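Engineer: Can you build the whole structure from these sequences, using the hints too?
Protein chains: 2
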Amino acid sequence: MPFLLLIEDDDAIRTGLELALTRQGHRVATAASGEDGLRLFKEQRPDLIVLDVMLPGIDGFEVCRRIRRTDQLPIILLTARSDDIDVVVGLESGADDYVVKPVQPRVLDARIRAVLRRGERESSDSSAYGSVVIDRAAMTVTKDGQDLQLTPTELRLLLELSRRPGQALSRQQLLRLVWEHDYLGDSRLVDACVQRLRAKVEDVPSAPTLIRTVRGVGYRLDPPTG
Amino acid sequence: MPFLLLIEDDDAIRTGLELALTRQGHRVATAASGEDGLRLFKEQRPDLIVLDVMLPGIDGFEVCRRIRRTDQLPIILLTARSDDIDVVVGLESGADDYVVKPVQPRVLDARIRAVLRRGERESSDSSAYGSVVIDRAAMTVTKDGQDLQLTPTELRLLLELSRRPGQALSRQQLLRLVWEHDYLGDSRLVDACVQRLRAKVEDVPSAPTLIRTVRGVGYRLDPPTG
DNA sequence: CGCCGACTGTCACAGGGGTGTCACAGGGGC
DNA sequence: GCCCCTGTGACACCCCTGTGACAGTCGGCG
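Protein sequence lines correspond, in order, to chains A and B.
If you're matching positions, the first sequence starts at 1192 in the working numbering and goes up one per residue.
If you're matching positions, the second sequence starts at 1192 in the working numbering and goes up one per residue.
Warning: the hint list may mix true and false statements.
Since the list gives no way to pick out one identical chain from another, each pair is judged satisfied if it fits inside one copy or across any two copies.
Dumping the calculated SDA-like pairs for lysine to any residue here, alpha-carbon to alpha-carbon at most 20 Å [what the hints assert, rightly or not]:
id : residue 1 : residue 2
1  : K1233     : L1264
2  : K1391     : E1226
3  : K1334     : P1396
4  : K1334     : A1359
Calculated directly from the structure, the hints in this document are not laboratory data.
Bear in mind that the values here come from a model prediction, so they are computed numbers and not experimental data.
Structural biologist: Right, dumping it as structure tokens:
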């Protein structure tokens, strides 16, 4: 569940957006000023920040710049209509997207999800599934920091599954993706490889939580941070 | 303040990125073609090059290769295509990183800083991998203070590996980077050189801790302080 | 509620493929 | 001309891998 920090001084807008975003499945922390926002940011380390430009004290641009000095998390700016100047200055101060007020909650939600998705792709060199971390550059998989020493086939299987987290893949599909050949007829090949992979990846291989069996279909890798 | 050279033929993208990068604290020179880029590079000696792949005349890969013949400054490739092929070709032509267009200025900035940080570590007179110290200025490698007397090929292999610590490189990639030729078909060339390098570098060559084998892929130099 | 069938988990084993290793000959530099 | 480096092929080894058999489990249906 994404954890957002909403920095907005207008009480009505802030509580309204907080409620809406919470209903849409986000965890939300709020701040009513730039100072509070920066403090909360350092304390709570949100995944994304929604930031009003017009703030008392230090304004949104300045908050954005200060955060950017040290961190690269996504920032969405909220700005009043009309001033187009804001868009340019906003993107140049390091924001990832901007939204014009008044804003429909589901529009903001869509932007949030888009920016988060973008971030995932960009950092796709490594992805984490609980304590299991896949490093595509090093071609290694670690669990609690320890190298799992996956064999080539196990690694390819896990990589293919992780390219489509949450999606069930049939044995037929996996054979094509991992083994690159069609295999007509029944074989325990995929099952055997999944078993070996589970033995290394899962906490309790007999009760898998990462690589789930979808009965009658195949297997599925549960998405990160389940 | 880092001094960048941006080579990009699209006027809008070039001026946009120039503005953004300047605001993020870089000095930026620009060129609109590969020829101009090479000329400016020789004249101005930038710290880093951001290089578009699709250029009129000599393309980005070729620019990259020509620069690499004489210099080791960081190069980041920009490309519109997201094909994996390009990533491979790009890394093999000697680039340090690879960014897909359209790119957020802050993402590019982050990659630039990351590559520069990596470069600082490398160009600092000593980067240490355990007791093995690579001195790029002196072009020597020492272990526990003693010169290892690496042969030219062994040294190039180690330098190429150490330019991408933690990243697995295939035999194919290493052949292009170190030997500068494509080699179709199987050969024990890379393995043999790795073996000779291990014999000098590793504490226990039969149980290597620095130059790891990634089965089914190639080799990888484990990052410092591991 | 219990049985039955289909599907999946598990295991041992034999074959094969990828990697480590070595010796040797050619070649290039000093 | 000498010597060291370098590329090549052969070979052995080890681990991976695919297979088949069997046990276990789940769901459906009577």
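Engineer: If a hint holds in the structure, say so; if it does not, say that too.
Structural biologist: Cross-check of the supplied hints:
1. K1233 <-> L1264: Within. Shortest intra-copy distance 12 Å satisfies the 20 Å Cα cut-off; inter-copy 35 Å does not.
2. K1391 <-> E1226: Intra 42 Å, inter 52 Å, cutoff 20 Å: neither.
3. K1334 <-> P1396: within (14 Å within a copy, 26 Å between copies)
4. K1334 <-> A1359: between (23 Å within a copy, 19 Å between copies)
Checked against the numbered hints listed earlier, the structure breaks hint 2 alone; every other hint is satisfied.
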